[in-house]
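Chains V and X supply the protein sequences, listed in that same order.
If you're matching positions, the first sequence starts at 11 in the working numbering and goes up one per residue.
If you're matching positions, the second sequence starts at 84 in the working numbering and goes up one per residue.
Don't read these hints as lab results, they were simulated from the structure.
One or more of the hints may lead you astray.
Which stretches of chain V does chain X cover? Using the computed rule of at least three CB atoms under 8 angstroms from a CB of chain X, they are [as the list claims (entries may be wrong)]:
#1 358 to 369
#2 415 to 429
Sample of chain X residues at the chain V side, in silico, Cβ under 8 angstroms [stated by the list, open to error]:
#3 Ile85
#4 Arg150
#5 Ala239
Yeah, the Cβ is synthetic: ideal placement off N, Cα and C, and Gly gets one too.
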Amino acid sequence: MSNLLANELANGTAKRTLKASAFTAALASAALAATIGHAVAQTKTRVSIGVTETIASHNPYADSVSLMYAVFCQSYGCMFDRDYALGNFTSRIVDKWEVKDPTTWVFNLKKGVKRSNGEEVTSADILHSINRAKNDAQSRQKHNVRYIASAEAPDAYTVVMKTTEPLATLLDFLRQLIITSKAQHDTLGEKADREAPIGFGPYRIRQLSVDNFVALEKVVGHKEVKPENPDEVIFRIQKEAESRVTALLNGEIQIAQFIPPQLVGRVEAAKNVKLVWEGSTEIMFLAMSPKQKPWDKKEARQALAYAVDRDAIIKAILRGQAERLDGPIGPGQYAYDPNLEPKYTYNPKKARELLAKAGYPDGVEIDFYTPVARYIADKQIAEAMLPMLEASGFKVTLKTPEWGTLWSNVQKGGVPFYYMGRGTVIDPSAALSQYFETGGSPRIGYSNPEVDKLLQAERQEFNEPKRIELLRQAMALITDEAPAHFMWRHKLAWGIAQNVDYKPLATTDILAVDIKMIPRQRAK
Amino acid sequence: MIAYFIRRLAGTIPVILMISLLVFLLLHAAPGDPAEMLAGDQASEADILEARARWGLDQPVLVQYWRFLVNALSFDFGRSFRYDEPVMGLIAERFPASLELAVTATLLAIAIGVPLGVWAGSKPNSWVDHVGSIGGFFGISMPNFWLGIMLVLLLAGSLNILPSSGRHTFGVPDDPVTGFLLIDSIIGLNWESFKDAMIYLIMPAFVLGINMTGILMRVTRSSMLETLSEDFIMTARAKGLDERAVIWRHGFRNALILVITVVGLEFGALLSGSIIVETIFSWPGIGNLLLQGLTSRDYPLITGVVIVYTSLFVVVNLIVDLCYAAADPRIRLAK
Chain V
11 MSNLLANELA NGTAKRTLKA SAFTAALASA ALAATIGHAV AQTKTRVSIG
61 VTETIASHNP YADSVSLMYA VFCQSYGCMF DRDYALGNFT SRIVDKWEVK
111 DPTTWVFNLK KGVKRSNGEE VTSADILHSI NRAKNDAQSR QKHNVRYIAS
161 AEAPDAYTVV MKTTEPLATL LDFLRQLIIT SKAQHDTLGE KADREAPIGF
211 GPYRIRQLSV DNFVALEKVV GHKEVKPENP DEVIFRIQKE AESRVTALLN
261 GEIQIAQFIP PQLVGRVEAA KNVKLVWEGS TEIMFLAMSP KQKPWDKKEA
311 RQALAYAVDR DAIIKAILRG QAERLDGPIG PGQYAYDPNL EPKYTYNPKK
361 ARELLAKAGY PDGVEIDFYT PVARYIADKQ IAEAMLPMLE ASGFKVTLKT
411 PEWGTLWSNV QKGGVPFYYM GRGTVIDPSA ALSQYFETGG SPRIGYSNPE
461 VDKLLQAERQ EFNEPKRIEL LRQAMALITD EAPAHFMWRH KLAWGIAQNV
511 DYKPLATTDI LAVDIKMIPR QRAK
Chain X
84 MIAYFIRRLA GTIPVILMIS LLVFLLLHAA PGDPAEMLAG DQASEADILE
134 ARARWGLDQP VLVQYWRFLV NALSFDFGRS FRYDEPVMGL IAERFPASLE
184 LAVTATLLAI AIGVPLGVWA GSKPNSWVDH VGSIGGFFGI SMPNFWLGIM
234 LVLLLAGSLN ILPSSGRHTF GVPDDPVTGF LLIDSIIGLN WESFKDAMIY
284 LIMPAFVLGI NMTGILMRVT RSSMLETLSE DFIMTARAKG LDERAVIWRH
334 GFRNALILVI TVVGLEFGAL LSGSIIVETI FSWPGIGNLL LQGLTSRDYP
384 LITGVVIVYT SLFVVVNLIV DLCYAAADPR IRLAK
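Same shape as in the complex, but just chain V (with noise of 0.2 angstroms):
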């Protein structure tokens, strides 16, 4: 009782409860006063963060969200991390690597490396994850192994991976590989996930309940766990932005994911609370099927391009919270080149010019739909759009359908002309083999040999400058080729409260080893 009313008073949450009744606050002061040496001795420090994805499952690998990477990668376990501010790769239980041909990796494992019940990371423990991604009926994760022809352990501490074409990129794949044991698999069968969700991270699961939250507790003794951060974190879904942001302004949570523009000025108002802004990984863009008329022609996609003016719509409905695209990707993606061409500055004159040289000198009527409440205003923005486009001659009629239909449609590649995100991408490769080379995926339906072949080459190529070379070499041509227009990287803001020290990553991943719990007179 005394340790829960502690943790209740630690975490702000019992002064609603004081404020509610003075009678429960009489009564929680004498039985704080009374157990007070023994509840301080005993506090234990949570944070509870606010977050807007899912929680699928139990299992680690049936989901493919970026909130369940970060919780299992956190408390499993993942084969590699990458920093995304230094670029590089680290890992828990990966001590070196070896390319020994184009196909064949060999991956010497670190020795002593123990899961928080003590049981020690092998190979085979590797060799069960790849399998389990790969085979598991629930697993949502095939496409992180889907280069993996092969996978041996000649012994405890080496694995060997031949991949199914000489690939460059494979440690992109791994790195979201969430290493779990093939011990208690072997022991437990389904009910390991539930009943042994046990790791080598630096925090373990203590509970989670699908579909509404996932609570962490530190594993004490781990290296990389430090006095300051938390004792535990609690991840509770609150896809509602209002409700997330009075949760954070009350005290019931510490850390918000997320803020719509809306709802900034609130956060920015309140004393207890800092709002942060980090950029992100994920790439808006306006797709343009080459299948489809008017986009069967290279210059009317261009003309789309120079037609939105993108500088306008940041500062007028993203408040400046985005950062504008020249390219695929910007700083601080893999192989950014700030001096990609074309550019694409706003120029209705220029886009009149090419929509005539396409064959449309009096403007050709064009579908443009846009999911409504998935991405950040994305509905207003397209609507901010609809001027802009008619003056440089298209006729828009916007489609607003349900998200599930609109992607299953995109899925498909019936969609003409649409507004979308695309996630984490922080090595490109993936992302633009999926959207621009030929049967990456019907969704643009953009088919080119030249990108083709610059994609393929660069994902074979471990010379790392040639690599990042070829890379712009092909973002150079899509951005010519415009069968998508890039628009902007989204500026987030997290709501944080003062006495919690957290930077976010760009790549939204929370990690609790991040968060630092401030004193409370420097809080102050």
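Please build the complex by placing chain X on the supplied structure of chain V, with the hints as guidance.
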């Protein structure tokens, strides 16, 4: 009585069959492919095809429906595409949260709406009647998504006296037994947990029940007005009976049939209509489950939830019929 009960239950079978077929056909006619929705944006064509085959979506719709029906006979609605767990298990897990919310909303609506209706009906055109009527219209016309957000801003935000969302404070109810937090806390004599559950329950229950409160107030008022103008009421008054006894023992008892009907219908509607409230308050109930199912085109989950809703609605109406006999001994259930 038993024969009536069995006949009514048997009568629900074709209703449920029709509804399941309708839901199944509508879902398959609606755009959106579950395999594409659930495989994620990085899935390959092969992954999507494999998911379709695994879930039997590559079979003709009628074959899929027949398989569903055969399994449903043993209360097996299949495995959810999204959660890869048995649909019945998922519903059973979430049902207590939704039922607890709907029952509390109904009790709140009865506790507020019925006395207000009786009061207004017994004093027509008085200030009580006017205030009550305005309150009733307010409840009926209030969109609960708007009221929910406003109350979150006021009670959780400005006044900071209630939590904004969720069902309990993490760690408080340690040993769930039935899944009904209030009942569990009473069983365990855990008053801390009881208070915690109540604090989280009160706002969503009020928002969910506000519409029903207004309807109950209006129905009770008009039913009371009608009953109090009957001859037997005049006789009761002429006999010098206390006015309170006239209103409650004679007036209200006779007005009760209509109130029971409305409570039954509205309770069924509350159970199945809590999607918006559960979303606003992040309430982990069936409404939220259904929403997740709809957004991912999880056919077994959606069909299972709809069948459960339909069955509940039928059962609630059956209970209402049984209550008629208890409320008015003149009513005998048909043989």
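Exercise. What are the numbers of the hints that this structure violates, sorted from low to high?
Worked result: 1, 3, 4
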